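**Student:** Residue-level listing of the chains:
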Amino acid sequence: MADPQNILNMRGITKSFPGVLALENVDFSLRKGEVHALIGENGAGKSTLIKVLTGVEPPDEGSIELDGKLIQVRSPQHSQELGISTVYQEINLCTNISVAENILLGYEPHRFGSIDWKKLNILACQALKKLDIDIDVTQPLGNFSVAIQQMVAIARSLEVASAKILILDEPTSSLDINETNRLFDVIRKLKGEGIGIIFITHFLDQVYQITDRITVLRNGRLVGTYHTASLPRVELIGKMLGRSLTELDEVSKAKLMGEHKKDRQRLVEAKGLGLKGSIEPIDFELSTNEVVGIAGLLGSGRTEMANLIFGIDTPDTGSLTIRGEKITRFSPLESLENGIALCPEDRKAEGIVGDLTIRENIILALQARYGWFKFLTTQKQYEVSQKYIELLGIVTPSPDQLVKNLSGGNQQKVILARWLATDPQVLILDEPTRGIDVGAKAEIQKLVLELAEEGKSILFISSELDEVLRTSHRIVVLRDRKKAAEYSSDVNGQTIIQTMAGIS
Amino acid sequence: MKNNIPLLKRVRENRLFWPLVALALIFIFDAIFAPGFFKIGIVEGHLFGNLIDVFNNAAPLMLVSLGMTLVIATGGVDLSVGAVIAISAAMGTVLINPALGNELITNDILAANTTNTPLWLVVMADLGAGVLCGFWNGLLVSRGKISPMVATLILMVAGRGIAQLITNGQIMTVYYTPYWWFGNGFIWGLPVSIYIVVVVFLLAWVLVRKTSIGLFIESVGINPKSTYYSGISEKNIKLFAYTFCGFCGAIAGLILSSYIHGCDANNIGLNYELDAIFAVVIGGTLMSGGRFSLLASVVGALIIWTFTITMYTFGVPANALLAGRAVLVLVVILLYSDYTRRILNKIVEQKGLRHGPTN
Numbered sequence: 131m132a133d134p135q136n137i138l139n140m141r142g143i144t145k146s147f148p149g150v151l152a153l154e155n156v157d158f159s160l161r162k163g164e165v166h167a168l169i170g171e172n173g174a175g176k177s178t179l180i181k182v183l184t185g186v187e188p189p190d191e192g193s194i195e196l197d198g199k200l201i202q203v204r205s206p207q208h209s210q211e212l213g214i215s216t217v218y219q220e221i222n223l224c225t226n227i228s229v230a231e232n233i234l235l236g237y238e239p240h241r242f243g244s245i246d247w248k249k250l251n252i253l254a255c256q257a258l259k260k261l262d263i264d265i266d267v268t269q270p271l272g273n274f275s276v277a278i279q280q281m282v283a284i285a286r287s288l289e290v291a292s293a294k295i296l297i298l299d300e301p302t303s304s305l306d307i308n309e310t311n312r313l314f315d316v317i318r319k320l321k322g323e324g325i326g327i328i329f330i331t332h333f334l335d336q337v338y339q340i341t342d343r344i345t346v347l348r349n350g351r352l353v354g355t356y357h358t359a360s361l362p363r364v365e366l367i368g369k370m371l372g373r374s375l376t377e378l379d380e381v382s383k384a385k386l387m388g389e390h391k392k393d394r395q396r397l398v399e400a401k402g403l404g405l406k407g408s409i410e411p412i413d414f415e416l417s418t419n420e421v422v423g424i425a426g427l428l429g430s431g432r433t434e435m436a437n438l439i440f441g442i443d444t445p446d447t448g449s450l451t452i453r454g455e456k457i458t459r460f461s462p463l464e465s466l467e468n469g470i471a472l473c474p475e476d477r478k479a480e481g482i483v484g485d486l487t488i489r490e491n492i493i494l495a496l497q498a499r500y501g502w503f504k505f506l507t508t509q510k511q512y513e514v515s516q517k518y519i520e521l522l523g524i525v526t527p528s529p530d531q532l533v534k535n536l537s538g539g540n541q542q543k544v545i546l547a548r549w550l551a552t553d554p555q556v557l558i559l560d561e562p563t564r565g566i567d568v569g570a571k572a573e574i575q576k577l578v579l580e581l582a583e584e585g586k587s588i589l590f591i592s593s594e595l596d597e598v599l600r601t602s603h604r605i606v607v608l609r610d611r612k613k614a615a616e617y618s619s620d621v622n623g624q625t626i627i628q629t630m631a632g633i634s
Numbered sequence: 181m182k183n184n185i186p187l188l189k190r191v192r193e194n195r196l197f198w199p200l201v202a203l204a205l206i207f208i209f210d211a212i213f214a215p216g217f218f219k220i221g222i223v224e225g226h227l228f229g230n231l232i233d234v235f236n237n238a239a240p241l242m243l244v245s246l247g248m249t250l251v252i253a254t255g256g257v258d259l260s261v262g263a264v265i266a267i268s269a270a271m272g273t274v275l276i277n278p279a280l281g282n283e284l285i286t287n288d289i290l291a292a293n294t295t296n297t298p299l300w301l302v303v304m305a306d307l308g309a310g311v312l313c314g315f316w317n318g319l320l321v322s323r324g325k326i327s328p329m330v331a332t333l334i335l336m337v338a339g340r341g342i343a344q345l346i347t348n349g350q351i352m353t354v355y356y357t358p359y360w361w362f363g364n365g366f367i368w369g370l371p372v373s374i375y376i377v378v379v380v381f382l383l384a385w386v387l388v389r390k391t392s393i394g395l396f397i398e399s400v401g402i403n404p405k406s407t408y409y410s411g412i413s414e415k416n417i418k419l420f421a422y423t424f425c426g427f428c429g430a431i432a433g434l435i436l437s438s439y440i441h442g443c444d445a446n447n448i449g450l451n452y453e454l455d456a457i458f459a460v461v462i463g464g465t466l467m468s469g470g471r472f473s474l475l476a477s478v479v480g481a482l483i484i485w486t487f488t489i490t491m492y493t494f495g496v497p498a499n500a501l502l503a504g505r506a507v508l509v510l511v512v513i514l515l516y517s518d519y520t521r522r523i524l525n526k527i528v529e530q531k532g533l534r535h536g537p538t539n
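Protein chains in written order, with my numbering: chain A, 131 to 634; chain B, 181 to 539.
Worth double-checking, as some hints may not be accurate.
Which residues of chain A face chain B? A few of them, derived with a C-beta cut under 10 angstroms, are [as the list claims (entries may be wrong)]:
#  : residue
1  : I252
2  : S461
3  : P474
4  : D476
5  : A479
6  : N491
7  : Y500
8  : G501
9  : W549
10 : E583
Keeping only pairs whose Cα atoms sit at most 30 angstroms apart, straight-line, the calculated DSSO-like set for lysine-lysine is [claimed, not checked]:
#  : chain 1 : residue 1 : chain 2 : residue 2
11 : B       : K219      : A       : K504
12 : A       : K248      : A       : K259
13 : A       : K478      : B       : K325
Since the hints were derived computationally from the structure, they do not count as laboratory data. Note that the structure is predicted; figures quoted are calculated from it, not measured. Just so you know, even glycine gets a beta-carbon here, dropped at the ideal spot from N, CA and C.
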């Protein structure tokens, strides 16, 4: 029965895309003044549910009730008019205009036919004050951190759209701990004002920190809605995956096996490798059968280090030696020929080529190695892609699907496949498990150790310390664009955190 | 997997579907209102008629569209093809004419039917000039990192000036009959230009589809950064596309100057860049780059010229023709908008359902 407290009722939502049933008869409800987590693996249907709610995609079946009234959301704009606002993971504001303009874009106060800037700034200031934020609103938005930008986005949705429902889609994925706490303060405040908040995240800690109820989706179906306080974490994970966590244990076992290999050969050696403004000179080596983890906070130089070794950037000091040969020309193609591969951090911008098929994405690097005139036959292309689709368990009806239609975890696997197809010796994985679900994470970690077992060298970069500890044989800690320390795998997490934070 | 998709849908999603529908519509219109349009006679052993005219006239545009397709697929655009046509035409005609355009034409010159330079060298110089122009554009875009529209604008503006320098500011006329062959000759009853289009089309097709260049071009057009990270030199891919576009422009210049027996640097190939862009758009290649189809672009060029010749057939005066073309552009753009397509798809699908499953 409908709860009178409910601000939103979605019933029997069904949505299918070509070849995929994305949502099947899903119910979802939201109360006033509630923070409601929407949880599920990649491809579980979270984004689709949000898209239906915000009018990006019309549902095939089902009804949406807002404040007891049946509504049909025609477009994202319409959803805003109805009081449903969304703050996305990637901020969709304009970074080159001022904070105040961003907040009131399209709703600027006018005076004598032109914009009343004074009033605009005052109004924007007030809007931010409500969230306890005090910044110079005349500065361009781009001057502020992502966290502040997100708050500005929230302020805009409250001010302009007078939101009743606020959807936060992975708002914390690029925030550090302080920023996250600040965001949570804002969320609590909004909650107090009776706004219903839908919170989507992969960080289970945060789910327990801030939410009241949890709705779990799996494979497009509703698993259930639970009170956060009465659902232990292990059970939650079990509900998300539909299986237990033994796979993660297997990861640890596989790592132990790798430890015993002693006949390692040095493969990569960096001496004083650095680039001004990117990363300070760093000494570093990597051998066969080895996983070296890179730990460090956001901005500590993790990605910069990866880009330097892979040849995206050209170092201005130091030397890089691979198999005893000094590298003189730095470019991805050069690295490809030297057997180095990089799965970049930003999957969407630097990894996938969305409008190409899975097959074409997988053969891309291999083909780059073969050059312009040795084109793989269609048959060979299918063989290669089929092989890696099976090996990595990429979920797709056919290799001819466009990559942009895959879920995040599967896209990551496609990029991994692209590089594995070139049979690299050194694999640099920059945040390979970012934004993908627990099950796929375990799979990728296991795969990393298997590859090391086969003799490959792997540089494993991750912002999740647990993951680094679980998979790495050695751990390099970066701080302030410098190498802070190097540990063997038996180090405990606390020591690393202290090193990352600069407490000795 | 593939066979699960209904045949009707597969046909509809083919890149050639909409261009062919558009072409068919124009043909149907002609069939109803100008039955003479399809009449093909034989005059002096050559095929003769509106359809042959369409092909013969469309040949230069088809060629330019081939090059333009590749450039647009990389996410760029080449505004200079019209100017490239002028440069290559000027190059060819100057090398032939003994007088460099300065002297009055006497009966002697007409009767002599001579050339200053051997014909093969004329053709090579012609093509060389175009390739060089394309290479220059490619360098500016790929190495100079100048946005394609600005980079090719330079040659678009400067190109006709260069062509005038080459011809010494004169309108060149060619009296050397072998040069006329490219634009006016016939082989087995069909215009030579059609054979040239077929050869260049096959060359382009083999070059992009039988090597990895086509895949790389599409990849660069969709996501240049990912492509670079995959070890592909997106610079060289762009350089290739622009150079090839210059090459296509040069051949078009050869045919056009041969067709009119001369070269007016100010007017030859005027607005070809815009027509070519339009042909590519009709062919379904996005202006933002990515997936492309050479054949669809050729059909696009054919649509433009079928439309033009149709207008001529109906006696529309030449100065009103541009307005007519504007209508064509409007109709095509509307037809191609997502919104219209969704509606059309819905209508077709509903009809399909009423007739039961299609396979």
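**Student:** Failing hints, ascending?
**Tutor:** 1, 10 and 11
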